[in-house]
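Generate coordinates for the entire structure from the input sequences, incorporating the hints supplied.
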Amino acid sequence: MLHRTEGIVLRTTSFGEADLLVTYLTSDFGVVKSFAKSPRKIKSRFGSSLEPLVQSRISFWGKEDTSLPRLTQSDIIHSFQSIRDTLSYFLKVSEIIELTLHFIPEREANKEVYSLFLNALYNIENNFNKNLAIIHYKIKFLELTGYVPKLDACGRCGRKGYCFYVAHGTILCETCSAGMVSSARLSPGVVKLYKDLLTWDTTKINRIRPSKMLLSELSSIIDMHTHHILTKPLKSSEFILLLSE
Amino acid sequence: MAQGIIENLITELIKLPGIGRKTAQRLAFFILAMSEEDVKGISRAINEVKEKARFCSECFNIAENEICSICSNSSRDRNKLCVVEEPSNILVIEKSKGFNGLYHVLLGALSPIDGVTPDKLKIEKLIERVKKNEIKEIILATNPNTKGEMTAQYIRELLKPFNVKVTRIAYGLPMGADIEFADEVTMNKALEGRREM
Ligand SMILES: [Zn+2]
Ligand SMILES: [Zn+2]
Chain A
1 MLHRTEGIVL RTTSFGEADL LVTYLTSDFG VVKSFAKSPR KIKSRFGSSL EPLVQSRISF
61 WGKEDTSLPR LTQSDIIHSF QSIRDTLSYF LKVSEIIELT LHFIPEREAN KEVYSLFLNA
121 LYNIENNFNK NLAIIHYKIK FLELTGYVPK LDACGRCGRK GYCFYVAHGT ILCETCSAGM
181 VSSARLSPGV VKLYKDLLTW DTTKINRIRP SKMLLSELSS IIDMHTHHIL TKPLKSSEFI
241 LLLSE
Chain B
246 MAQGIIENLI TELIKLPGIG RKTAQRLAFF ILAMSEEDVK GISRAINEVK EKARFCSECF
306 NIAENEICSI CSNSSRDRNK LCVVEEPSNI LVIEKSKGFN GLYHVLLGAL SPIDGVTPDK
366 LKIEKLIERV KKNEIKEIIL ATNPNTKGEM TAQYIRELLK PFNVKVTRIA YGLPMGADIE
426 FADEVTMNKA LEGRREM
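Sequence order for the protein chains is A and B. Number 111 in my numbering belongs to position 111 of the first sequence; there are no gaps in the numbering. To convert a position in the second sequence, counted from 1, into my numbering, add 245.
Think of the hints as simulated: they come from the structure by calculation, not from any bench.
Label pairs and their calculated CB-CB ranges:
#	chain 1	residue 1	chain 2	residue 2	range
1	B	S302	A	E112	50 to 56 Å
2	B	K297	A	V181	54 to 60 Å
3	A	V181	B	A415	56 to 62 Å
For every residue, glycine included, the Cβ atom is placed at its ideal position computed from N, Cα and C.
Spelled out as structure tokens, the structure:
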């Protein structure tokens, strides 16, 4: 059966002599792994359309239950070449690619995640605060998949609190956290930034102008949280850390 | 009995890239019909490659000895170093006869989401060679795809403190192709990389 949809390349893996396994985030089928014949050959009709982040109109063919449909066509809608042209931008985006691959099951349609991802790429490309775009994606993505940490009030009683407990994925107030060791103490600014990012639409977040310190404080809380859920850090985050040393 | 050993050969041949069951069957019956001498030649060559081949301790090309035939060739230009991802890339560049310098094989390309970090590649060894030797130009010939490009950019950064010219192989349209079928990224790169004539 032939399927047509729109997709963004998340990851490619070499396969055999000149073939490629291409993992897409699609608008209609969620994450789809497909098999592309010979794109690594110089004169392949796929050209550069299978590089990570390329958004294209794709067709793939396979029986309903096949785990690896064959990619038959891909026409570029938007290439996002400028992100791939700069190592530091691509590294940042690698984090959200990896996060997405970890949390989204294959073949489960999720239009919201698709448009969130696409908007994040546009924000990163359009000379926007790139760290803000990344953290916004992470938080909204965790919200859509049901894994967002609670940072605005105590997760048990709803009272005010500023101490985050990673094992519980939430802030706890003094009463509810009696006898526990807190993972991090949040500044009021971080709580406000978190609330703003959750409420504001992707197309409007450029109106938020947080300080570098607030951004990195929130980033480290979110990374600590995902690290806890996945029981390991993201490989791309470790990579970025390695380069910054 | 005969069925069993032929089937065995087919199963082994399928392990090779680009060989499906049909091709494997054809090859198996072809091997059966070959002279004993020819067949022994093939199996000897296969064994030898596994027993004797190793990585050159200088450039990580495939070598029969400690140092590969290119590194030990005194007529090669020691001021130029071409950086590639895999030893097989060297064969292609050598065939082009467009390069007479030395090589450095990284044995892969950087890939953040797959955990392929700089320490997993022969990058440190490359920097060591630059420090130690009289290298004037480094040609980055990693693949023109995202992983290859990231790797080239990363190495470019590392080489900044050294007094060495760093170049990147040209991007663009393949020879013999028609512009009509070029995609936007390839065409854009070809325009960027245009040169005066
Ligand atoms: Zn409480
Ligand atoms: Zn060598």
